[in-house]
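Q: Residue-level listing of the chains:
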Amino acid sequence: MKLNTFISENKSLIGLIILMAAVSFANANFLGVDNMLNILRQTSINAVIAMGMTFVIITAGIDLSVGSILAFAGAICASLIGMDTPLVIALLVTIIVGAGLGATSGVIISYFNVQPFIATLVGMTMIRGATLVYTQGRPISTGYFDVAESFYQFGAGYILGIPNPVILMIVIFALCWFILSQTRFGRHVYAIGGNENVARLSGINVKKVKILVYALSGALAALAGIILTARLESAQPTAGLGYELDAIAAVVLGGTSLAGGKGRIFGTIIGALIIGVLNNALNIMDVSSYYQMIAKGAVILLAVVVDSRGKSNA
Amino acid sequence: MKKIVSLAAGAALLLGSTAVSMAQDTMALVVSTLNNPFFVSLKEGAEARANELGYKIVVLDSQNDPAKELANVEDVLSKKVAILLINPTDSDAVSSSIRAANRKDIPVITLDRGASRGNVVSHVASDNILGGEMAGELIVETLRGDGKVVELEGVPGTSAARDRGAGFKKAMYGASGIEVVAVQPADFDRTKGLNVMENILQAQPEVHAVFAHNDEMALGAIKAIEAAGRDILVVGFDGTDDGVRAVEEGDMLATVAQQAGMIGSIGVETADKVLKGEKVDTYTPVALKLVTK
Amino acid sequence: MTILLELQGIEKSFSGINVLKSVDLTIRAGRVVALAGENGAGKSTLMKIISGIYQRDAGTVVYNGKEVTFANARQSMDAGIGIIHQELNLLPELSVAENIYLGREPTKLGKIQWDVIESQSKKYLAQLKQDIDPKTPLGKLSIAQQQMVEIAKALSLNAEVIIMDEPTDALTDIETAVLFEVVDELRAQGKGLVFISHRLGEIFQMCDDIAILRDGEMVHQGPVAEITEDELIRHMVGRELSDQYPFVPATPGDVRIEVENLTAHGAKEISFSAHAGEVVGFAGLVGAGRTELAKAIFGENPIQSGTVKIDGKPIRLRSPQDGVKAQIGYVTEDRKQEGLVQSQELGTNMTLTGLDRFCNVLGFVNKASEAVTISEYIEAFAIKTRDANTIISNLSGGNQQKVSIAKSLVPEPKVLILDEPTRGVDVGAKREIYTLINKLKAEGLCILLISSDMPELLGISDRIHVLSSGKLTGSFDRDEATQENIMRCAVAGQTNG
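Quick note, the sequences are listed as chains A, B and C, same order.
Residue numbering for the first sequence follows full-length UniProt numbering, beginning at 1 and increasing consecutively.
Residue numbering for the second sequence follows full-length UniProt numbering, beginning at 1 and increasing consecutively.
Residue numbering for the third sequence follows full-length UniProt numbering, beginning at 1 and increasing consecutively.
Hints are computed from structural coordinates only; laboratory data are not their basis.
Just so we're clear, the structure is a prediction, and the values are computed from it rather than from any experiment.
Errors might be hidden in some of the hints.
With a cut-off of at most 25 Å between alpha-carbon atoms, the simulated DSS-like pairs for lysine-lysine come out as follows [to be verified]:
#1 A:Lys207 to C:Lys325
#2 C:Lys140 to A:Lys262
#3 C:Lys111 to C:Lys129
#4 B:Lys68 to B:Lys79
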């Protein structure tokens with residue numbers, strides 16, 4: 001009975017373990033410490049975005065603008081570093097810009113009653129456009145000042161043998177878990193997703209909470225943009241294309257319902273890892289390009305079907 | 001026949017610079033995307049040359065969307081431009097745009113990517129198969145015919161990925177000591193180049209050279225190689241500013257310079273010839289250049 | 001009398017808990033059988049087994065002389081068993097006719113025959129004496145009319161057995177009267193009817209037979225004429241209800257709330273005041289503006305003019321947030337859509353409004369002290385639940401209502417507005433809620449009680465205001481209030497506009 005509950009509550013984790021076991025049989029290099037850290041580092045970008053997306057999806061919303069915010073924030077950050085701005089200031093400004101862009105979507109959604117899908121679709125298009133205008137369609141290098149080197153280290157360095165992006169991912173995870181499960185704000189997020197009418201009649205400032213949720217999503221997308229820009233020492237105008245879908249997939253794989261009101265940050269991390277492991281496995285097993293997309297789609301479908309079956313039985 | 005053509009052309013010239021200055025001096029350039037430095041260079045090359053030759057040039061961005069492309073073409077056709085230069089988003093999808101121009105008797109020149117149907121006066125492009133072969137031969141030569149090689153592919157199914165890959169494989173078949181240990185797609189994207197290369201390095205303890213179907217992926221791969229502390233030759237494709245800089249700094253062995261600016265400017269030159277009634281070839285090749293240090 | 005449907009020895013259990021224990025039930029043509037029992041007694045489960053939504057574990061169902069097993073609701077529907085659910089299963093965006101023929105639209109060459117659908121719908125509605133245009137979007141109809149549409153749908157299925165689950169709950173007295181005429185008509189046509197209701201008076205007025213369930217067992221079956229109301233209640237709850245409406249005289253304190261010339265959507269120039277430690281009742285027909293008035297006082301319904309004062313100080317009401325801040329509690333009539341997040345836990349629902357009590361300045365929730373409060377309320381209100389983590393939708397209506405009341409009490413309000421607090425609640429839980437109201441009154445809470453159940457309103461209010469068409473048309477002290485003079489005020493506005 002207890003084991004049953006554990007299994008039904010941790011289906012995505014079990015799925016991840018099965019996937020990893022299968023891949024490790026197929027390729028001996030897979031389970032090495034280096035490759036594990038490599039997977040974690042590659043997953044960190046999607047995981048950071050997906051954690052913000054989890055808040056949005058729990059409120060029964062969606063944020064399609066994260067990929068574009070990532071690109072725009074990356075471009076802003078690269079130019080700041082290129083102008084020899086102190087590292088901390090550059091990072092803070094970039095994250096504030098991301099939060100501001102997200103908050104704008106939130107305002108449009110809650111004050112103008114625009115559906116989240118449409119509001120953030122507009123955001124996705126306009127912010128991508130703004131990125132292209134700002135970068136003139138070219139990558140922006142982080143330049144050759146000393147700060148560029150410490151910026152590179154921020155994205156590519158290690159602390160105690162663990163890549164910095166992985167450490168950031170863990171910190172963000174702890175923070176998001178705390179907010180969602182231990183604070184008033186987290187409760188309000190769940191309540192709004194569960195039933196917005198009930199939330200409003202319970203005296204919750206629904207508009208404010210929604211704006212904050214989209215601001216958080218924007219801020220985390222900007223942070224992902226910072227990590228990406230640091231690792232590549234340049235900002236790509238096309239960075240983050242399609243990332244919103246990877247993030248949504250990670251959230252759903254983690255067991256959060258697109259209908260809102262339910263979901264866990266831990267699940268999202270697992271969901272992001274499933275996608276990361278899959279990408280890594282397809283590369284190291286040298287699967288031909290045409291089959292990769294089919295394989296990815298099949299695994300995601302399988303995971304979601306297993307998850308929803310469990311729910312209807314419960 | 002030839003005489004008549006030249007007579008007509010002469011008449012057109014005689015009929016006056018006034019008529020010419022109204023519509024005859026406007027060219028339209030519809031670019032698949034301005035989201036990529038390569039096409040930005042192409043556009044700039046075309047604009048510069050058009051200025052020199054005294055033409056006005058209207059540039060429209062199709063944002064990699066065939067539907068947007070068709071809308072763009074319909075827009076410029078309604079503006080009565082003299083000639084349409086088009087860099088298709090897709091060889092098949094562009095056909096309806098080209099037929100629309102054909103119906104209005106506006107000559108069409110394709111740039112970089114060809115069209116499978118419709119009447120095109122000339123196709124201006126560099127030879128991707130040849131470029132892939134050049135890159136492959138350089139790698140074979142530098143490794144002295146012995147070593148393990150990785151290929152990073154572009155978006156699966158695109159003609160550039162197909163042709164560059166085909167040329168590269170041609171060069172590899174000729175060298176018995178070379179082993180291609182991994183062929184993986186990284187979708188022409190720098191971030192994906194980084195991630196895919198990291199993954200391949202996990203699986204392959206020994207890699208001597210990488211050929212990437214474009215510079216963006218090559219630059220991503222270089223980051224992965226640097227971070228892993230490995231020493232691997234990288235050859236890119238396109239000769240973008242960042243790519244050329246990487247070659248100059250010694251990070252990259254070479255890039256096959258698709259001379260984007262030159263494709264644009266030769267496209268405009270060809271268009272100029274067409275408008276003046278001169279004869280042009282159906283395929284106008286643009287020289288590829290191997291950029292090395 | 002022909003037996004249409006006979007159930008014998010029906011057993012059903014969910015995750016090891018026996019919810020139906022060898023239940024027998026007989027439905028005869030031309031008779032209305034009342035199915036009574038507290039919430040959780042197994043009424044809904046039994047009806048869901050009849051209609052094929054659940055499968056029985058043991059027992060037999062004989063329909064028209066043949067043993068049947070329905071694998072799903074569709075099969076029972078096709079066989080002629082119509083069920084009108086407590087929560088209407090209709091789509092508000094579609095037209096009346098579309099709702100009646102949903103999923104079985106007659107087609108010709110793949111094209112829906114709208115004219116047939118509409119004329120047939122009109123015919124069935126006419127049988128029910130309803131003059132409703134079949135093209136009207138369902139959402140524009142009153143709840144009572146929507147119920148008639150459900151019945152029309154059952155008729156269109158040629159239903160021989162029609163089950164009505166709490167059909168009168170959302171209806172006004174006049175609408176209920178119309179429904180009863182329809183039931184008489186159906187009985188005369190030889191249909192077999194099952195009528196589930198918490199309103200005992202209706203059972204005696206309407207039904208021929210009665211079947212009483214208690215804790216999954218059929219404890220009594222027989223003609224209604226042979227049972228008294230007291231016996232019925234005793235069978236349902238297994239104990240004597242000596243006093244259905246326990247009233248405790250008020251010792252009113254200071255004036256708590258003053259409403260002056262308040263005008264908002266649905267309410268016109270309403271003035272009244274209420275004291276600490278008293279229950280002020282609000283009577284009126286459905287649509288008289290009582291809920292609108294309550295929501296205006298709570299900040300949900302924008303106030304156009306007039307003032308609301310708490311303890312003599314005027315308050316600003318722009319949103320429910322302001323209402324909560326002004327220490328006003330509102331228990332909605334619509335638990336499902338406005339009261340509780342159905343998909344979430346009992347505990348988080350209960351503290352949703354008053355979460356500030358357990359938060360520090362940074363907004364961190366002190367879960368330990370929160371858990372203490374939750375379990376105190378569970379105990380004090382006798383909420384039947386395994387623990388605080390039970391999902392709300394798994395609780396019975398009465399228990400949900402108690403959670404809903406607890407939820408509005410957690411922030412420690414000075415004024416509590418109860419909007420139809422006993423709707424969809426069984427007799428036992430009703431009494432518990434009345435006791436609770438008296439207790440809160442004794443503790444000095446100022447309670448505004450909206451109810452369409454007249455005996456209830458008369459039974460526990462200290463004073464009663466009557467609303468009609470958004471206006472206050474009468475005010476009575478407890479000793480002058482009677483059903484007759486309240487009803488006179490309630491219909492007053494209806495006739496002279």
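Q: Now, for every hint given, state plainly whether the structure supports it.
A: Each hint tested on the structure:
no. : hint                 : in the structure
1   : A:Lys207 to C:Lys325 : 17 Å, holds
2   : C:Lys140 to A:Lys262 : 33 Å, violated
3   : C:Lys111 to C:Lys129 : 30 Å, violated
4   : B:Lys68 to B:Lys79   : 17 Å, holds
Against the hints set out earlier in the document, violations occur for numbers 2 and 3.
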